[in-house]
Amino acid sequence: MIVLLFYIGLFGGAFFIVYTLRRGLHARKDFTSLKTVTFGDESAVRADRAASIISVLVIFVIWAAFTGSKLFPIHVPGPFVGDTQFTYTLENADGSTDEATVFVRVPAFGEEAEKFEVEPGSGFAKDDAFAAPAGRSSTILFDKNDEAKRKDGAKIIAINGMPIGPDIKVDTGDGAVRLTGKGAISFTPKQGLQMNPIWLPAPETVVARFFEIASEGYQNFSLWEHLGWSLLRVVAGFVAGALVGIPLGYAMGLSGWFRGWFDPIVEFMRPVPPLALIPLVIIWFGIWETGKIVLLFLAALWIMTIAARAGVSGVNISKIHAAYSLGASKWQIMRYVIMPNSLPEIFTGARVAMGVCWGTVVAAELVAAQKGAGMMIIAASKFQLTDIVIMGIVMIGIIGYGIDILMRKAESWLVPWKGQS
Amino acid sequence: MPELDIVDLSMRFDLPNGSSVQALQDVSLNLKEGELMSVLGPSGCGKTTLLNIVAGFLAPTSGKIELNGHLVKGPDAERGMVFQKGALFEWMNVRENVDFGPRMKGMPKAERDQISGHLLDVVGLQDFKDKAVYELSGGMQQRVALARCLANEPDVILMDEPLGALDALTREKMQGLVLKLWKETGKTIILITHSVEEALLLGERLIVMAPRPGRIHREYNLPFAERGVNADLRDVKKSEGFAEMRDEILSMIWEMEEEIMGRTEQAG
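Those sequence lines, one after another, are chains Z and P. Mind the numbering: the first sequence is residues 1 to 421 in my numbering, read in order. Mind the numbering: the second sequence is residues 422 to 689 in my numbering, read in order.
Because the hints were derived from the structure by calculation, they are not lab data. There are no misleading hints in this set.
Now the stretches of chain Z that chain P is said to cover, found in silico as 3 or more residues with beta-carbon under 8 Å: (1) 313-325; (2) 330-342; (3) 406-420.
Okay, the calculated beta carbon distance ranges per label pair: (4) Z:Val37 - P:Asp548: 39 to 47 Å; (5) P:Ser558 - Z:Leu34: 25 to 33 Å; (6) Z:Val37 - P:Asn642: 56 to 64 Å; (7) Z:Arg335 - P:Asp548: 23 to 31 Å; (8) Z:Arg335 - P:His491: 27 to 35 Å; (9) P:Asp548 - Z:Ser222: 51 to 59 Å; (10) P:Asp551 - Z:Phe258: 36 to 44 Å; (11) P:Asp551 - Z:Lys409: 21 to 29 Å; (12) P:Asp548 - Z:Ile405: 30 to 38 Å; (13) P:Lys659 - Z:Lys409: 51 to 59 Å; (14) Z:Gly397 - P:Asp551: 38 to 46 Å.
Don't be surprised by glycine CBs; every beta carbon is placed ideally from N, CA and C.
Start from the sequences and build out the full structure, keeping to the hints where you can.
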């Protein structure tokens, strides 16, 4: 919630700062600046590059600020770390009171709380030493070394001189003290606003983990093997899907029998999310490579079929007529008119199919795999290695984005006439 | 001696709702080699249907078409077609579009290059031969379409409003080009158009068709195409008889349109 408020604040702040700076520096001099109507004119709206850059920076700033990153100087208040102490006043069954001090040592997140000793001091209440984990409450059995025990009727009546009861909380400055139901002390060091690294590790931790895994591997396979296997499965499934789907789509576009036969199957299978097929595919083909490739094949198949069918149906009848009256045979029309004409649609389908396949492979690896990007993050999550999980997600995102960029490049190279006619 | 014989052609379309449309009724025509005929008529008079039947894309309900004594049964390279737009192959460059027909016949590359080189010269696109067709203007694209059709050496060229999508200036230039190609190649040409002026300029013979049922209403033999071969088309339009002819045909088509409107109003 606080993170969201920060984000909105930074969004608005950056907007005002950039716009004030710009107004002072230079006015726009392109054609759009001469337009009097820009609200609602879609062509007048361009993605502001400054906003894009700041947007990415803000994500890292918030990430760094809320995780206490060493790379970034400004942090939100962190949890209390170090030594602190408070006194408690113990009242014995006979009404006499004595004070003792509890020394608390709170280590940083992720470090082990080490036990230490203090001199017990005098009186029937003895001083205690306690090592508390950061950011969460722990129970201090103060009377282990006291001469008056709780079972003998001794009870705490004040902390640092301030009265305390079952419903009264006392703030010691570095943490909060409550009494448990049985009268023991419950101490919570100040939590601050920073994230526990188990929830969200600092950026440098993730980067360090990336280099560690890139050089040492994770769970018997190197990082590149994990990612490479995921990619390999996607490519295998996609190629198989395209090899079957494109001819099937052509046949559906060219023959009434094929269209009639496969229409119900395609239209039924198309809206079924590939993830819903995972259980069945595992039952039929097992959890190993065959199962995954069959799943990806099914994910790509319907998309490619529909794309190829649309490509054939979309051919302008004038082109077909022209080719016939230029003396082309049916096969030549297929080869020189229908196939090239359907390429733009097939490429659009291929882009969608690659995206779906990439998403499906990660999900399939979450379910069962020995290697792969999805397996890496699910295995890491079981050991609460959040840095690996985040690193894996980032790598999955980068690869998915990379695939789409490559497909777009291939598209503009292979079908430059797309959208022209 | 290529000769196109259209004999008692009728075409009836049966609509899904049970009614039917008589697109053509008893249309008979005879074209000699090298004749340039334009076909004019209000929309719905069946002129495109007629052209599609001659091209072989449609089979007539009754009647027949003979070219050089043999029956027309389907599309063939002997009858080339130029479309209004959208019939060029965007995945081929200008030259590949032009030599598509010869290439499909398996003609060797050297010969094909000679043909396409010559035709690109004729239509004035030599400098654009390696360009993609979608980079060309509409007028240039229609020049490519004309060259592509001619490269195949058809006996008859069928033009379905080939200049209909062009702006007025380009259109005038292209009309000159069509006349020039007609004279140079001596091809038999049937040209369908919406424009009365174009029909007069580009028709040794002019057929005016009437709708519902589609039929030949009037036929003219005109001197303007012959005049236009060696003269500026704007001068032809000012020449003797052109304005009167245009007015006569315009009022004829107006009357047909009004009749159609009247009939629909009565029916309504």
